[in-house]
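All chains, please: the whole structure from these sequences, using the hints.
For reference, the chains in residue letters:
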Amino acid sequence: MSEIVPIMRIGETLLVSLQGDLDDEAVLRVEEQLSREVARTRTTGTLIDVSGLAVVDSFIARVLTRVVAMIRLLGSQAAVVGIQPAVAITLVELGVPMGHLHTALNAEQGMALLARLRDHGA
Amino acid sequence: MAPELTGTDPVVVTIAAGADLIHVRQVLRAQALEAGLGLVDQTKLITAGSELARNIVTYATGSRGTLHVEQVRANGRRGVRAAFSDSGPGIDDVELALTDGFSTGRSLGLGLPGARRLTDELTITSAKGAGTTVVIVKWAR
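These protein sequence lines are chains X and Y, in that order.
Each residue of the first sequence is one higher than the last, beginning at -15 in the working numbering.
Each residue of the second sequence is one higher than the last, beginning at -3 in the working numbering.
One thing to keep in mind: the hints can contain errors.
With the Cβ distance kept under 10 Å, some of the chain Y side facing chain X (calculated, not the full set) [said to hold, decoys possible]:
id: 1; residue: Q22
id: 2; residue: L35
id: 3; residue: E47
id: 4; residue: V53
id: 5; residue: R73
id: 6; residue: L94
id: 7; residue: D96
id: 8; residue: R113
id: 9; residue: D116
id: 10; residue: E117
Source of the hints: derived by calculation from the structure; they are not laboratory data.
Ideal Cβ positions, reconstructed from N, Cα and C, are used throughout, including at glycine.
Below, the structure written as structure tokens:
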């Protein structure tokens, strides 16, 4: 299966940046690509940057929470960073349960969050 | 007060596969911009539309349906009206379908109740075996 998003490795962290308008098929491919990459590289943390997504509907949100849960099962940590304010308001009103997700305002704060999780566990 | 149409031609989108959801979102965004909706309201409308279009792909017969989008106006306000129609199995119990967490599929059951929260008006016309039409309206503030 082809890779559709570039996944960057920065030290012990993988960074994937989701951009533009993703259809369901593309979201599922990102999920598969990311879990494969986490297992292959054995990195301790993953940041999923969604600042380039103008719309996150319940399907995309559900897959995001699933990816984070899967990465944790692999023994790593993951955080979703850069949720646009309009998207955050919409997700809360839509009612998608995302409260248990690790999130941060941007990639930099996400890196700090992952470092804390590594040091103290959570 | 019932929204009156502004006389502009409705935009019609055929929904026949998951990939059409992107087209649905693009058309809704363009119409939301034209109606002068702010960023948050645009996002809510597009997200609601994405949920309703996915319902068609998931539940309608042959996963097919149609979206009609048009500009509306009432009490000096502008807005967007979007009608999602399919000829699927219909909804048995509309009130139940609008309940959070109710799903006959494997989803979270947020589509219809979520779309209602994200829009200013949502009406469902459905009869068993005769398809479903869901109309949403979002007004500019």
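Structure-based check of all given hints:
Nearest Cβ of chain X to the Cβ of Q22 (chain Y): about 7 Å, under the 10 Å cut. The hint holds. Nearest Cβ of chain X to the Cβ of L35 (chain Y): about 5 Å, under the 10 Å cut. The hint holds. A least Cβ separation of about 6 Å between E47 (chain Y) and chain X falls short of the 10 Å threshold, and the interface hint therefore holds. Evaluation of the V53 (chain Y) hint against chain X yields a held restraint, the C-beta minimum of about 9 Å falling below 10 Å.
Because the beta carbon of R73 (chain Y) sits about 20 Å from the nearest beta carbon in chain X, more than 10 Å, this interface hint is broken. The interface hint given for L94 (chain Y) is violated, since its Cβ lies 12 Å from the closest Cβ of chain X, which is over the 10 Å cut-off. Nearest Cβ of chain X to the Cβ of D96 (chain Y): about 6 Å, under the 10 Å cut. The hint holds. Taking 10 Å as the C-beta contact cut-off toward chain X, the hint placing R113 (chain Y) at the interface holds, the least distance being around 5 Å.
Checking D116 (chain Y) against chain X: minimum C-beta separation of about 12 Å lies over 10 Å; hint violated. Taken as an interface hint, E117 (chain Y) does not check out: its beta carbon lies about 15 Å from the nearest beta carbon of chain X, beyond 10 Å.
Hint compliance for this structure: hints 5, 6, 9, 10 are not met, and every other hint is.
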